[in-house]
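There are 2 protein chains.
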Amino acid sequence: MAINLEEQKIREHPLLREWVADAVRDMIAKGKLKPGEHICETRLASELGISRTPLREAIRLLETEGFLHVVPRRGAVVRDISLKDVTEIYEIKAAMEGLSARLAAHHFNKKDVERLKEINNELARLAEKNDVNRFFKMHNQFHDYFLRASGNERLYLLNCSLIEQIHRLRLLSFTLEGRFEEAIAQHERIIKAFEKRDAVLAERLVSENVMMGYRAVVTKLKQTKVA
Amino acid sequence: MAINLEEQKIREHPLLREWVADAVRDMIAKGKLKPGEHICETRLASELGISRTPLREAIRLLETEGFLHVVPRRGAVVRDISLKDVTEIYEIKAAMEGLSARLAAHHFNKKDVERLKEINNELARLAEKNDVNRFFKMHNQFHDYFLRASGNERLYLLNCSLIEQIHRLRLLSFTLEGRFEEAIAQHERIIKAFEKRDAVLAERLVSENVMMGYRAVVTKLKQTKVA
DNA sequence: AGAGTGAAAATTGTATACAGTATACAGGGA
DNA sequence: TCCCTGTATACTGTATACAATTTTCACTCT
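Keeping their order, the protein sequence lines are chains A and E.
So in the numbering used here, spot 55 of the first sequence is number 116, and the numbers just go up one at a time.
So in the numbering used here, spot 84 of the second sequence is number 145, and the numbers just go up one at a time.
Read the hints as simulated data drawn from the structure, not as lab findings.
Mixed in with the good hints, there may be bad ones.
[As the list claims (entries may be wrong)] Stretch-level coverage of chain A by chain E, calculated; a stretch enters the list once three of its residues show a Cβ under 8 Å from a Cβ in chain E:
{"no.": "1", "segment": "115–124"}
{"no.": "2", "segment": "151–163"}
{"no.": "3", "segment": "209–220"}
[As the list claims (entries may be wrong)] No more than 30 Å apart at the CA atoms, straight line, and that leaves these computed lysine-lysine pairs for DSS-like:
{"no.": "4", "chain 1": "E", "residue 1": "K145", "chain 2": "A", "residue 2": "K257"}
{"no.": "5", "chain 1": "E", "residue 1": "K257", "chain 2": "A", "residue 2": "K145"}
{"no.": "6", "chain 1": "E", "residue 1": "K145", "chain 2": "A", "residue 2": "K172"}
{"no.": "7", "chain 1": "E", "residue 1": "K172", "chain 2": "E", "residue 2": "K91"}
{"no.": "8", "chain 1": "A", "residue 1": "K95", "chain 2": "A", "residue 2": "K286"}
C-beta atoms are modelled at their ideal positions from N, C-alpha and C, and glycine is treated no differently.
Using the sequences provided together with the hints, build the complete structure.
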């Protein structure tokens, strides 16, 4: 076990600090590190089998990503995701994805539209099989497609860092009744807007699509808070 | 001199890594560290009179802020700001500030509008005195006002980290002929939109205002690239 | 009992030491 | 001349050691 871990560290990440950041993100997502919990550098480092130095560098990264809250000389605590956080993130996400759609629409060609249709067809297949995990991944590909096609690299990266913070909630939101179909239908309208090269419409539809995701996530958030 | 430096480190920053980040940002802004230049941790740390540990933690921060580009096992280099970077930043900034104006408009009251008018009057005074530095600061206060009033803390912080990257260019752009007057005139229209509680108009005007700033910065960028 | 105090333990911040990797350059061969 | 290769050097990545600060908790005094 320990040897496999070592191999994974080396194979997938040339740098320990990145592997550690991934590991800690994962521990937060899986609930192994709970919101509000204080992170003791010494202990966590030894648990991960590394020294404090790469852990500390990973903590700086996770701080800017919003996973941890660091108080000088008192260490890092796992940040809780509140409704307010989710709202803030989605407000920004809606504006940014909308912007990316508008920008992408300007230099979208037939092939791009075809690719989006393929993805949406695949989504329909996965919806029938009720495969939440794969649907989620493919769904992200749909959105990533125009985020990248926008030609604005920062836009894509910013969006990544935003959705990473609510990864778990978003995944959960796809277990809601009718969520698949709703998303697919909206995607179809978005594709039509791209086909017509209607940048303004694409922007509006994508923004609305994001805010639908917001409502789904909020629903799920309230369910889990009660539980 | 060295003693004063020590005092400053302690007084204004309880943490060395933050002081270092500020110092390095400053060195980049002042041209002491030039774009493309490789940062040797050992040398820079000893120049700043500290060890490599806090410097390395500062480098992680400056990397996410976009000031440095880090290649694994080859270290950090100072990132150059290209026209593409400026375009990416302003596209995002326009969308984010526009969003903040829309959000802020919903719960703006008379007092808020009065405050914006005061700031704009002050801007007019500073324009007459041709005080670029103070105009710049006051101008930022104008925009910060509704970024904060939006109630979306992330929006404000994200905007801060964006404009920090182009601080120098923005400041320079205010030396352009007619830049003051243009800004003040647009601010007046924005204030009127807030007065009317017209969120959609406020959003559009603020976006346009940002993109005017973009054009000014691009003009200045081209001037300095030639020089 | 409760507030206050002070020493001990735990934890973070910083410096240094060591290991591994990339770069530069000299020397040899085609 | 050009390319290849091996070695020396410089630099980054990681671990560890030390310093400073915060927290804990027993103890005292009111």
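Decide if the proposed pair is consistent with the structure: A:K95 and A:K286, CA atoms, cutoff 30 Å inclusive. 14 Å, holds
Are the Cα positions of E:K172 and E:K91 separated by 30 Å at most? Not OK: E:K172 and E:K91 at ~39 Å, beyond 30 Å, violated.
Can you confirm whether the C-alpha distance between E:K145 and A:K257 stays at or below 30 Å? Roughly 27 Å between the alpha carbons, so the hint for E:K145 and A:K257 holds.
Count the residues of the segment 151–163 of chain A with a beta-carbon closer than 8 Å to any beta-carbon of chain E: does the count reach three? The restraint on the segment 151–163 of chain A holds, since 6 of its residues have a Cβ under 8 Å from chain E and three suffice.
Is E:K257 close enough to A:K145, meaning Cα to Cα at most 30 Å? OK: E:K257 and A:K145 at ~27 Å, within 30 Å.
Starting from E:K145, check that the Cα of A:K172 is at most 30 Å away, please. 25 Å, holds
Report holds or violated for chain E covering the segment 209–220 of chain A, Cβ cut-off 8 Å, minimum 3 residues. holds (count 5)
Within 8 Å of chain E's CB atoms, at least three CB atoms from the segment 115–124 of chain A: coverage verdict: holds (count 4)
Taken one by one, the earlier hints fail for this structure only at number 7.
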